[in-house]
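A.B. asks: Protein sequence lines, in the order shown, are assigned to chains Y and D.
Anchor point for the first sequence: position 66 equals 66 in the working numbering, and the numbering is continuous, going up by one each time.
Anchor point for the second sequence: position 100 equals 219 in the working numbering, and the numbering is continuous, going up by one each time.
Since the hints were made in silico from the structure, they are not lab data.
Cβ coordinates follow ideal geometry from the N, Cα and C atoms, glycine included.
Any given hint could be a false lead.
As the list claims (entries may be wrong) - A short list of chain Y residues far from chain D (calculated; beta carbon distances all over 10 Å):
id, residue
1, Gln8
2, Glu17
3, Tyr25
4, Glu26
5, Val46
Said to hold, decoys possible - BS3-like mimics (lysine-lysine), calculated; alpha carbons at most 25 Å apart, straight line:
id, chain 1, residue 1, chain 2, residue 2
6, Y, Lys70, D, Lys130
7, Y, Lys3, D, Lys176
8, D, Lys130, Y, Lys38
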Amino acid sequence: AQKVTQAQTEISVVEKEDVTLDCVYETRDTTYYLFWYKQPPSGELVFLIRRNSFDEQNEISGRYSWNFQKSTSSFNFTITASQVVDSAVYFCALSEARLVNSGYSTLTFGKGTMLLVSP
Amino acid sequence: GAGVSQSPRYKVAKRGQDVALRCDPISGHVSLFWYQQALGQGPEFLTYFQNEAQLDKSGLPSDRFFAERPEGSVSTLKIQRTQQEDSAVYLCASSQVPGQGLAGYNEQFFGPGTRLTVL
Numbered sequence: 001a002q003k004v005t006q007a008q009t010e011i012s013v014v015e016k017e018d019v020t021l022d023c024v025y026e027t028r029d030t031t032y033y034l035f036w037y038k039q040p041p042s043g044e045l046v047f048l049i050r051r052n053s054f055d056e057q058n059e060i061s062g063r064y065s066w067n068f069q070k071s072t073s074s075f076n077f078t079i080t081a082s083q084v085v086d087s088a089v090y091f092c093a094l095s096e097a098r099l100v101n102s103g104y105s106t107l108t109f110g111k112g113t114m115l116l117v118s119p
Numbered sequence: 120g121a122g123v124s125q126s127p128r129y130k131v132a133k134r135g136q137d138v139a140l141r142c143d144p145i146s147g148h149v150s151l152f153w154y155q156q157a158l159g160q161g162p163e164f165l166t167y168f169q170n171e172a173q174l175d176k177s178g179l180p181s182d183r184f185f186a187e188r189p190e191g192s193v194s195t196l197k198i199q200r201t202q203q204e205d206s207a208v209y210l211c212a213s214s215q216v217p218g219q220g221l222a223g224y225n226e227q228f229f230g231p232g233t234r235l236t237v238l
């Protein structure tokens, strides 16, 4: 069975601080995908990144960066120079990479980390 | 362009009432998912449609939950004889069917959700 653990329930930082959100996953699949989603107060889940299990290169997108460590089953997310608009709940998720004939795969989410950025 | 829309955004029901939640996926998206998000938790998979076919309903918590997508576009999640434990946000997501490659690759686009409160 798949499992995603986000041990940090809530993190509070002051604007311009860097913050790292942790994500640890469990799966028996050798091929899988990892995701981060942002859920602002409006409720809609906003896709941030997808990473497949074959690609352990770290990725940077503006103030966001992701550190994928297959050896420790972790996929951590860092926000550099945080801003008030970054305040939201962030979810890490895991998806099996099923064969195309099955046509779909579902997402297994962690419980989320609420990030509060104060001015 | 239009994203995934859901209605109503908020629904209050008395225990024992039946409710119907609507999802309008992105036009042309063949795959449609329903998730349930309890307070302080991550979304959990309920059911999956490919066109009008319900291929997976393994996440539906009881036989009081029923989903349909009769014409392969709009979907309705119905909950009969609602209970307090049904209180949650119900999220709908749609994605394209994979043409090539692994099924896990396709990004799911989420709607804003329907917040159901059962009194």
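A.B. asks: Each of the hints needs a verdict: does it hold here or not?
C.D. replies: Verification of the supplied hints:
With a least CB separation of 13 Å from chain D, Gln8/Y remains clear of the 10 Å interface cut-off, as annotated. Taking the minimum C-beta to C-beta distance to chain D, about 24 Å, the non-interface status of Glu17/Y holds against the 10 Å cut. Listed as a non-interface residue, Tyr25/Y keeps its Cβ farther than 10 Å from every Cβ of chain D; the least gap is roughly 12 Å. Non-interface status of Glu26/Y relative to chain D is upheld: no Cβ of that chain comes within 10 Å, the nearest being about 15 Å off.
Here Val46/Y does not stay apart from chain D, with its beta-carbon only about 8 Å from theirs, under the 10 Å limit. Straight-line distance between C-alpha atoms of Lys70/Y and Lys130/D comes to about 42 Å, which puts the hinted pair past the 25 Å bound. Restraint check: the Cα-Cα separation between Lys3/Y and Lys176/D comes to about 19 Å, which is no more than 25 Å; the hinted pair holds. The suggested pairing of Lys130/D with Lys38/Y holds, with an alpha-carbon distance near 24 Å, which does not exceed 25 Å.
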